[in-house]
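Novice: Spelled out, the chains give:
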Amino acid sequence: MTTTNPAIEVRDFNFFYGDNKVLHDIALDIPQKQVTAFIGPSGCGKSTFLRSINRMNDIIPGARVEGRISLGGQDLYAPGVDVVSLRRRVGMVFQKSNPFPKSIYENVAYGLRIAGESDKRVLDSTIERSLQRAALWDEVKDRLNASALALSGGQQQRLCIARALAVDPEVLLMDEPASALDPIATQKIEELVYELKNNYTIVIVTHNMQQAARVSQRTAFFMLGKLVEFDDTRTIFMTPKEKLTEDYITGRFG
Amino acid sequence: MSRPRHVRNALMTGVFSLAGWVAIVFIFLIFLFTFKETTVVLNVEHMKAFFLANPPVWQPTSDIPKLSLIPIILGTLKATVVGLLFACPVGVAAALFSSEFAPPRLREVIKPTIELLAGIPSVVMGFFALIVLATWLQDTFGFVYRLNAVNAGLALGFALVPIVYTISEDGLAAVPRAHREASYALGATRFQTAWKVVLPAAAPAVFASFVLAFGRAVGETMILLMAGGNAAITSFSLLDPLRTLSATIAAEMGEVVVGSEHYAALFFMGALLFVITFISNTVGQMVIRRMSRRMQGAAS
Amino acid sequence: MRKVKDRVFIALLGTSVLLILAILVVLIANIAYHGARQVTWEFITQPPRDGLMAGGIFPAIVGTAALVILMSVVAVPLGVATAIYLHEYTPAEGLTLAWRRFKASKGRPGRGRLLARAASALLATVTRSAVANLAGVPSIVFGLFGLGFFIQFIGRNIDRVTQPPGEVLWGQGSLLWAACTLALLTLPTVIVATEEALRTVPQDLREASLALGATQWETIRRVVLPGSLSGILTGAILGISRGAGEVAPILFTGAAYYLPYLPTDVTDQFMHLGYHVLILSTQSPDVEATKPLLYGTVFVLLALTFLLNIAGVLIRTRTRSRGSR
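Chains as they are written, first to last, in this note's numbering: chain A, 1 to 254; chain B, 1001 to 1300; chain C, 2001 to 2325.
Simulated from the structure, these hints should not be mistaken for lab results.
Check before you lean on any hint, since a few could be wrong.
What the hints assert, rightly or not - Computed list of lysine-lysine pairs in BS3-like fashion (alpha-carbon distance at most 27 Å, straight line):
hint: 1; chain 1: A; residue 1: LYS241; chain 2: A; residue 2: LYS226
hint: 2; chain 1: A; residue 1: LYS226; chain 2: C; residue 2: LYS2106
hint: 3; chain 1: A; residue 1: LYS21; chain 2: C; residue 2: LYS2106
hint: 4; chain 1: A; residue 1: LYS33; chain 2: A; residue 2: LYS102
hint: 5; chain 1: A; residue 1: LYS120; chain 2: A; residue 2: LYS141
hint: 6; chain 1: A; residue 1: LYS21; chain 2: C; residue 2: LYS2103
hint: 7; chain 1: B; residue 1: LYS1066; chain 2: B; residue 2: LYS1048
hint: 8; chain 1: C; residue 1: LYS2005; chain 2: B; residue 2: LYS1196
hint: 9; chain 1: A; residue 1: LYS197; chain 2: A; residue 2: LYS33
hint: 10; chain 1: B; residue 1: LYS1111; chain 2: B; residue 2: LYS1196
hint: 11; chain 1: A; residue 1: LYS21; chain 2: A; residue 2: LYS226
hint: 12; chain 1: A; residue 1: LYS226; chain 2: A; residue 2: LYS188
hint: 13; chain 1: C; residue 1: LYS2103; chain 2: B; residue 2: LYS1196
hint: 14; chain 1: A; residue 1: LYS96; chain 2: A; residue 2: LYS197
hint: 15; chain 1: A; residue 1: LYS226; chain 2: A; residue 2: LYS33
What the hints assert, rightly or not - Stretches of chain B that chain C covers, calculated by requiring three or more beta carbons in the stretch to come under 8 Å of a beta carbon on chain C:
hint: 16; region: 1129-1139
hint: 17; region: 1190-1201
What the hints assert, rightly or not - Some but not every residue of chain B turned toward chain C, in silico, with C-beta under 10 Å:
hint: 18; residue: VAL1090
hint: 19; residue: PHE1097
hint: 20; residue: ARG1105
hint: 21; residue: GLU1115
hint: 22; residue: PRO1121
hint: 23; residue: PHE1143
hint: 24; residue: TYR1145
By construction, the Cβ of each residue, glycine as well, lies at the ideal position given by its N, Cα and C atoms.
Hey, can you work out the whole structure from these sequences and the hints?
Specialist: Okay, structure coming up:
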């Protein structure tokens, strides 16, 4: 299915680990400023595909791609593409929160500092805005210099989100961001994701179908490295077109 | 992204890659330059003088230089044997005790003690052997010569214990719990388990520790220079003074003419030391690597 | 009965520990007892006189300090850089796996990259082997190398170019060459300790940094190095304390037993605590008369070494307790 002015276009995308073909002929358009969820049984390749969008798979030995992923019309795998700049435009939040062993302030400031920003006023305002957007500002505004490792698991994950937002990405990739968190923290993250779509294009990988149903507008169902179905979330969950999708949704396998 | 960031990244990658070559380059250079200065004596005539001269005497400064290396090699061997005879049993026993029988708090005391012993500079150990140990040995055992192979070898042994202890202890600690539990389940006592099961399982590590201690013993200079008696004589008695390869280099290099036969002979001794320790270290490293691979293999 | 035999054997093993402890205690006590009383203010601040039979060891302290500082300046950056190369820039999977991957990729694109990886893994293995061998080279051979390479080869050639004919400035023993020689000797210690420290930084922190658009160097500078600083410091201090006690490498590369001046230039020779001990022990005309001085010097040297060792251990235990959160 096509979308007008998609944020990300994927065509004929294949991914290999050495000889092993892990993703087969993926094609889809990720719409702007919406939440797109990737669901599927474990091992279906959804996380691998996510990591291909910001080329984090480059650091894995033997990883190879064919096909095209475009951001704003530009092929991300074309020779000469600056991967470092790409990762500023496409941010990532990991499954297990990984704040740096620095202060809360310095964690969020990290992306700005490496870009050369040193003006304290700019840093202060950007950090405040990012922490507010990540729904963490009120909880930490009095202790920005405290160690990030002193925060709870849910707070750390929101800090990582704030850190990713600070560099003002176009797209935010989230790889099972709440899977390591308790239900209350998970709910906070889901509310956050729903809010964030107003300003950012979000792609979220989740093994929790209910979460995908709650949070996303479009859902892609993957299985064994293939894209089985991609449609409005309502359609996928209420009236799926493919039998495989229906079997997965209804819990026939998982 | 800004060009300066790219340039800086590429520059630092280059810097680090260059640093990676340093170790290789210098090992090669050490090899090269040690052998380079020996060319004067790298011929059959000198080899015969070094190894086959009869009587085997080392007197390079006499009118007709006598260059037999036999007394010096013998000295190195005597000191090494005495040192290993002391350090190997003591080191392994301490490692076994520490690993299998000592309560954790005692272990916390033993490890720093060994590290303290390892931290004593060899010149201090040599001083101790010269001034204190030699006198005590002579008073207790009535040696004829105050400075001899026993004195120097024993002090050398003190310095070798930490090497044997550390590597053996690593090997003992790496033996999986399952082995011990199986032994206990069969009704063995703690000592029987340690002696018949754990120690044999850690045999590669223990062997490696001996090999590395050997390498260190052969290359040790200060202790043997100060406490060995400084006499290059051909004697198999442990109660006679001795001279080792490294001590000879240390003692005589200061007064030798650059490029002379004596100079080249000393460098030849250095090259010999280099080769011996290179081989023994490579063997030791290989055993350790194979041992750690086997441990990881067992774990997977 | 078996229990008794057991206890006896265990006790026997325990005596080995007691023996080691006894040796250590006797050695330290003896040196402390005879040496501490020699350490007066005069001893530390005055040069020796009466042909080394009286006076102080001030120049030896200065020489040792200068040597150690110069050695660290060379060894620590170089060792840290080598360790960073080994840990951050070479494939983590090792040579056998990298080679296997390359062979399995026959006929597929991207082969070149896998070959480059295998080559890098090979270089890493050879480098690590070279470091291990460097660690095993006898200290006297380092001394010979310092003489044959730094002084005779590099130094003499510098003289040929920069000095009037016949003049020798760089082609002789000096602080510079002795420091370089010692730096080579301590290099493996720094490299191994630094690599261990780098290993304690979790991989996902590196990934987080890269995902934020940082280059590899920026990741190392801002995340990896700060996170491993205390481990690096420990390794540096341990290496330094080892280097401070070594005498064999400096015998022919610059140590002198009596100099009427203090070293002020890297081309100067220097007096040295350990070297002083050696000379006083083996070449003093009157051993009994120099014994007090000798004990004092040994005491200062030992105290210095132990202080450095303890500093290193303290830093290591402090980080370990802080890290286990």
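Novice: Now tell me if each hint is right for this structure.
Specialist: Verification of the hints:
1. Between LYS241/A and LYS226/A, the direct Cα distance comes to roughly 16 Å. Compliance with the 27 Å bound is thereby established for this hinted pair.
2. Straight-line distance between C-alpha atoms of LYS226/A and LYS2106/C comes to about 26 Å, which keeps the hinted pair within the 27 Å bound.
3. A threshold of 27 Å between alpha carbons decides the hint, and for LYS21/A with LYS2106/C the separation of about 15 Å falls inside it, so the pair holds.
4. The straight-line distance between the Cα atoms of LYS33/A and LYS102/A is roughly 31 Å, outside the 27 Å bound, and the hint therefore fails.
5. A threshold of 27 Å between alpha carbons decides the hint, and for LYS120/A with LYS141/A the separation of about 16 Å falls inside it, so the pair holds.
6. Annotation: proposed proximity of LYS21/A to LYS2103/C holds, straight-line Cα distance about 18 Å (limit 27 Å).
7. For the given pair, LYS1066/B sits about 11 Å from LYS1048/B by alpha-carbon distance, which is consistent with the 27 Å threshold.
8. Under the criterion of a C-alpha separation no larger than 27 Å, the hint pairing LYS2005/C with LYS1196/B is consistent with the structure, at around 15 Å.
9. Simply put, LYS197/A and LYS33/A have alpha-carbon atoms about 5 Å apart, close enough for the 27 Å limit, and the pair holds.
10. A C-alpha spacing of about 24 Å is found between LYS1111/B and LYS1196/B, which places the hinted pair at or below 27 Å, so the restraint holds.
11. Under the criterion of a C-alpha separation no larger than 27 Å, the hint pairing LYS21/A with LYS226/A is consistent with the structure, at around 11 Å.
12. With a C-alpha separation of about 31 Å, the suggested pairing of LYS226/A with LYS188/A is violated against the 27 Å cut-off.
13. Proposed proximity of LYS2103/C and LYS1196/B is contradicted: the alpha carbons are some 44 Å apart, above 27 Å.
14. About 22 Å separates the Cα atoms of LYS96/A and LYS197/A, which keeps this hinted pair within 27 Å; it holds.
15. Of the supplied pair hints, the one linking LYS226/A and LYS33/A holds, its CA atoms being roughly 25 Å apart against a limit of 27 Å.
16. Check on the region 1129-1139 of chain B: 3 of its residues sit with their Cβ under 8 Å from a Cβ of chain C, so the three-residue criterion for coverage holds.
17. With 4 residues having a beta carbon nearer than 8 Å to a beta carbon of chain C, the region 1190-1201 of chain B meets the requirement of three or more and the stated coverage holds.
18. The closest approach between the C-beta of VAL1090/B and any C-beta of chain C is roughly 5 Å, which is under the 10 Å cut-off, so the hint is satisfied.
19. For PHE1097/B, the interface hint holds, the least distance from its beta-carbon to any beta-carbon of chain C being 4 Å, beneath 10 Å.
20. With a least beta-carbon distance of about 14 Å to chain C, the hint placing ARG1105/B at the interface is violated under the 10 Å criterion.
21. Interface hint status for GLU1115/B: upheld, as the beta-carbon distance to the closest one in chain C is roughly 7 Å, under 10 Å.
22. At about 3 Å, the closest approach between the beta carbon of PRO1121/B and any beta carbon in chain C falls short of 10 Å, and the interface hint on this residue holds.
23. Checking PHE1143/B against chain C: minimum C-beta separation of about 18 Å lies over 10 Å; hint violated.
24. Taken as an interface hint, TYR1145/B does not check out: its beta carbon lies about 16 Å from the nearest beta carbon of chain C, beyond 10 Å.
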